[in-house]
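2 protein chains.
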Amino acid sequence: MTIKLYCFGESGNSYKAALALELSGLDWEPVFVDFFKGAARSADYLEQVNNMGEVPVLVDGDIRLSQSGAIQQYISDKSGKFAGSDADKYEVLRWVLWDNHKLSSQAGMTRFLMNFLPEDKRPQEVIGFMLGRLKGAYTTLNAHLEGRDWIVGDGLTNADISCCGYLLYPEPFGFDRAEWPNIDRWLKNIEQLDGWKHPYDLMPGHPSDRA
Amino acid sequence: MTIKLYCFGESGNSYKAALALELSGLDWEPVFVDFFKGAARSADYLEQVNNMGEVPVLVDGDIRLSQSGAIQQYISDKSGKFAGSDADKYEVLRWVLWDNHKLSSQAGMTRFLMNFLPEDKRPQEVIGFMLGRLKGAYTTLNAHLEGRDWIVGDGLTNADISCCGYLLYPEPFGFDRAEWPNIDRWLKNIEQLDGWKHPYDLMPGHPSDRA
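As given, the protein sequences belong to chains C and Z, one line each in that order.
Following UniProt numbering, the numbering of the first sequence begins with 1 at its first residue and continues without gaps.
Following UniProt numbering, the numbering of the second sequence begins with 1 at its first residue and continues without gaps.
A couple of the hints might just be wrong.
Identical copies carry no separate label here, and so any pair may be met within one copy or between two of them.
For lysine to any residue, the following SDA-like pairs were computed, each having C-alpha atoms within a straight-line distance of at most 20 Å [as the list claims (entries may be wrong)]:
{"hint": "1", "residue 1": "K81", "residue 2": "D60"}
{"hint": "2", "residue 1": "K78", "residue 2": "G61"}
{"hint": "3", "residue 1": "K89", "residue 2": "N50"}
{"hint": "4", "residue 1": "K135", "residue 2": "L113"}
Read the hints as simulated data drawn from the structure, not as lab findings.
Bound conformation, chain C alone:
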């Protein structure tokens, strides 16, 4: 049975799930959620897909999961990929949580505020504050990647898939790859993986759709 992923192109959290599915070799298809038109808050979506209005959501037969990190774990369990070695399992989980806690949650929100809100509604003090916190996260990740090709161990794991979720998008949110050489090198490693696709090539939905 084909796995369905409710997602949209602009969503870095969706991208984590979509990239894991694509690279895992599992049979999957995206189902477009027109998030910017409120589709994730529609009565149908809340009733039939996710009662918290979350995106992404993975549906595989009777399994229905939200939160990209939980979806990634499910894909790992099903495909046998991206979990890292058994000795590294806590380290992988630690970086997935760090990402959810310190990087993606803030990058996603900041990118939304800076790009997807009308210009006159962008809270500048909030954006400035978030840019400062994000700089701390980039500093941490860049330092960790010194001398490393991957975040944990010697190959792609869920730690990489989680942390790269927002960093490959072109819209500004205070992240410039050229300023962070280790992050840049690591992102190139990801981009060179067999079967890798950019978020906007992997999922339906693009900012130009709303132009």
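Put chain Z on the given structure of chain C with help from the hints.
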């Protein structure tokens, strides 16, 4: 060997780890990190405990772990507790991630800004924005707990331990138990657990130490 937890009383993320250790029955002891005096950024701490300056950190023999969610998983694996049923494992992980992503990360920061920064340095627009986002998280959790005693299944899991991390603290951060009856009832279930302790009774460090 006694497990050591580097922690401090004001830290809700530390509390998640400390509460899991205390309720697990494992042998543990807190090691006070004088966070507000910069101890987590000291050269010794960065070199010997955690090179990212994170708190909490669990040390168990050769095992050294940061990120409360990863520590909780380790405690579950070691003690056999709080993981929920096998069928519920993704649901537990989903709520731990939701908490890290939507609840604790924002509650912790907002509580810090509202209480632990000097009054003249509190960014009011940021605080107001965060209070709005937190209200969304409380709404989600309160709705989920309608008719439920625990977040997942019929007993305490890491989902509960994660989500309660900041909600038992007295300092204001826009959360008033009286406004959220299902959350209030669920917190009472936690407080009535055999061996439960309040954060300030479980870990060294209290705001009055700095008065």
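Quick rundown of the hints versus the structure:
no., hint, result
1, K81 / D60, "within (17 Å within a copy, 28 Å between copies)"
2, K78 / G61, "within (13 Å within a copy, 32 Å between copies)"
3, K89 / N50, "between (29 Å within a copy, 18 Å between copies)"
4, K135 / L113, "both (17 Å within a copy, 18 Å between copies)"
Violation of the numbered hints given earlier is absent; every hint is satisfied by the structure.
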